[in-house]
Amino acid sequence: MEEGEDTLFGLLARIGRPVPDHRPWPRHVTDRAGWLTLIENLGVADWSLLGLWGEPAAVHAALRAEAAGEVAVISLPCPEGRFPSLSAVRPAAIRLERAACDLFGLTAEGISDDRPWLDHGHWGVRHPLADAPEQGATAVPYPFLKAEGHGLHQIPVGPVHAGIIEPGHFRFTANGETVVRLEERLGYVHKGLEGLMRGKTPTDAARIVARLSGDSTVAHSIAFAQAVEAALGVDIPPRAVWLRALMAELERVANHLGDIGAVCNDAAFSFLLAELGQLRELVLRAADSCFGHRLMMDRVVPGGVALDIAETGPKRLFDLTAELRRRFAPLVAVYDGKASLQDRTLSTGIVTTGLAARFGAGGFVGRASGRGLDARKAPGYAPYIELEFEVPVLTEGDVNARLWIRIREVEQSLSLIDQILRRMPGVPRGPDGITPPPLASMPAGRGGEGMALVESFRGEILTWVRVDADGTIGRCHPRDPSWFQWPLLEAAIEGNIVADFPLCNKSFNCSYSGHDL
Amino acid sequence: MFKHILRSLTGGPVTEASPGPSETALAELAGRVDRASKARLGRSLSIRQVDAGSCNGCELEIHALNNPVYDVERFGIRFVASPRHADVLLVTGPVTRNMADALRRTWEATPDPKWVVACGACAIDGGVFAGSYACVGAVEAVLPVDLRIPGCPPRPAELLAGLLALLERNATAP
Chain A
1 MEEGEDTLFG LLARIGRPVP DHRPWPRHVT DRAGWLTLIE NLGVADWSLL GLWGEPAAVH
61 AALRAEAAGE VAVISLPCPE GRFPSLSAVR PAAIRLERAA CDLFGLTAEG ISDDRPWLDH
121 GHWGVRHPLA DAPEQGATAV PYPFLKAEGH GLHQIPVGPV HAGIIEPGHF RFTANGETVV
181 RLEERLGYVH KGLEGLMRGK TPTDAARIVA RLSGDSTVAH SIAFAQAVEA ALGVDIPPRA
241 VWLRALMAEL ERVANHLGDI GAVCNDAAFS FLLAELGQLR ELVLRAADSC FGHRLMMDRV
301 VPGGVALDIA ETGPKRLFDL TAELRRRFAP LVAVYDGKAS LQDRTLSTGI VTTGLAARFG
361 AGGFVGRASG RGLDARKAPG YAPYIELEFE VPVLTEGDVN ARLWIRIREV EQSLSLIDQI
421 LRRMPGVPRG PDGITPPPLA SMPAGRGGEG MALVESFRGE ILTWVRVDAD GTIGRCHPRD
481 PSWFQWPLLE AAIEGNIVAD FPLCNKSFNC SYSGHDL
Chain B
1 MFKHILRSLT GGPVTEASPG PSETALAELA GRVDRASKAR LGRSLSIRQV DAGSCNGCEL
61 EIHALNNPVY DVERFGIRFV ASPRHADVLL VTGPVTRNMA DALRRTWEAT PDPKWVVACG
121 ACAIDGGVFA GSYACVGAVE AVLPVDLRIP GCPPRPAELL AGLLALLERN ATAP
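Those protein sequences? They're chains A and B, same order as listed. Take the first sequence: its position 228, counting from 1, is numbered 228 in the UniProt record's numbering, and each next residue is one higher. Take the second sequence: its position 39, counting from 1, is numbered 39 in the UniProt record's numbering, and each next residue is one higher.
Do not rely on the hints blindly, as some may be mistaken.
To list a few chain B residues with every Cβ distance to chain A over 12 angstroms, as calculated [to be verified]:
no., residue
1, P21
2, E61
3, A81
4, A100
5, D101
6, P111
7, P113
8, P144
9, L167
What follows is a set of in silico ranges between Cβ atoms, one per label pair, in the way DEER data are often shown [stated by the list, open to error]:
no., chain 1, residue 1, chain 2, residue 2, range
10, A, N175, B, S8, 52 to 58 angstroms
11, A, G163, B, S8, 46 to 52 angstroms
12, B, V80, A, G121, 26 to 32 angstroms
13, A, G445, B, T15, 34 to 40 angstroms
14, A, I497, B, S82, 19 to 25 angstroms
It should be emphasised that the hints constitute simulated quantities derived from the structure, not laboratory data. Just so it is clear, the structure is predicted and the values come from calculations on it, not from any experiment. Glycine included, C-beta positions come from ideal geometry on N, C-alpha and C.
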């Protein structure tokens, strides 16, 4: 940043006024002129877009200045239901703005793509989360973007796919074997999650957010819990902080192991799927024996955790990490030594570093393309601040790079699990010998606004929440990392052959449900 | 690589014993499977899984059925790519309104005789998503359901027990 230019905090102080009771980062409310100044500044500054979400008469954007470590939310009241689009300066905003339009009826002025996104015309209602939803709706054909040229043909795929996968539609335009354009159409698994959370107590809403994306149930539950705890100023028992991290790392390892195997299987190398599938099963069974649920759903709740680890848990997990270390490394060597397998993964599905940065992609998609951000490090949260681990970064941006990032992350997470087990505060013992679960009670009759940035296996989750004065959820927006990764898949496949799409897709493994909300 | 193969050869299979058919599922299926279908299916089932709005939790556990520990194919049960090859639709999720049409069309593309299994809490009654503007709710609201496998998500052993009941009932139908 050149001298004389605003910092993010500096600009927000100039164009907006701070909102009290928004934690831990500031929120500013601006006016239309201030919003336009923001857009102007986004054109030159390298601040990344963390999220954009609507309310019945307002739009919010979360931004981060990476170098300065500043995170902030800016809000624009839009009583007439219109706001100037951020999409020209932050293309990652396009789908978020289309979603805000579908759900709240907010029009993004100047958006380059004004087609509906989550609304397919089947809900029987338009703008369901607006103050006055319009009853009745009809499905209209969705106009796909054009690709014209000699010898081009289209291949429609989905929403029901050939495998055991979530539903979505992919429209390929190909020239022979080569993909000229891929366009995604998502929204098939939109469940109205944000609407369902409204008016619920944080504890009830947590059960819904735990089912936003089953593979990231722990991470989304942590993000929601942290946001609520920030909003209400609740301090949770230290042991709960460590137990959450323990579950989050188990979830990360389980997902990476399964996906590394699945990517290799998509290159017809089923051996690694069979072997890594067994390792994944070991992790899930250990999770089950420690926390009573294979995916550890509903174990992280606002205020702490719903139950402590089983007494035999720590020993079981030490054994697990030892066994995984023993068995994982030789399998990685198999991957590394198979030229015919790497022939499929090397230089396939490249995401350039520039594109990953423009879309603010996180997780292994970002880290394989030079973007080394990890919410556990920056802005960072407990207990990771006290733990030693590395964030692997590569720049090749191909399927192989994404695989290697995940391999390295498995190794790091195994180390983290051991560190957490060794350093976790002990079980508090009550005078009568009864040990209460590490759970703080939630204050009643208090409101506030909070947000959290939490690293799921897929990347950074942003969750923003407003708790109303009656203690129920007024508005909650959980932004899955997939929002900023799905658009890059369209770019990654361009120029590759159709047969490499499963490989590229699995190497991203974006969430449909997490994105569709 | 060769070391791995050698160890697999000498170490014996990692596959676990069958959990046996679920009694509750057998009871639910009583009378659902007739002689005609028995003759058609023998002792195998082809399953087309349809995610009708699930959070992906059920899919993760259905995937696990294919790993060497559960190895569902040893029972003659396999997952197929097309509804046209399927005997069973294994449906997950609270049937989002955006997926209801695709689910119906998948069912229409499945040849008779066919069964529908509602897998998981959402597919059975909408789960935590019941009552949303964006969900139809139970699979039963869209398709006739023959078997329900509860759980959020059901464990692989529970899925297996339910599917084995379907196979068992099918093989012993009068």
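Hint check, failures only: 2, 3, 4, 5, 10, 11 and 13
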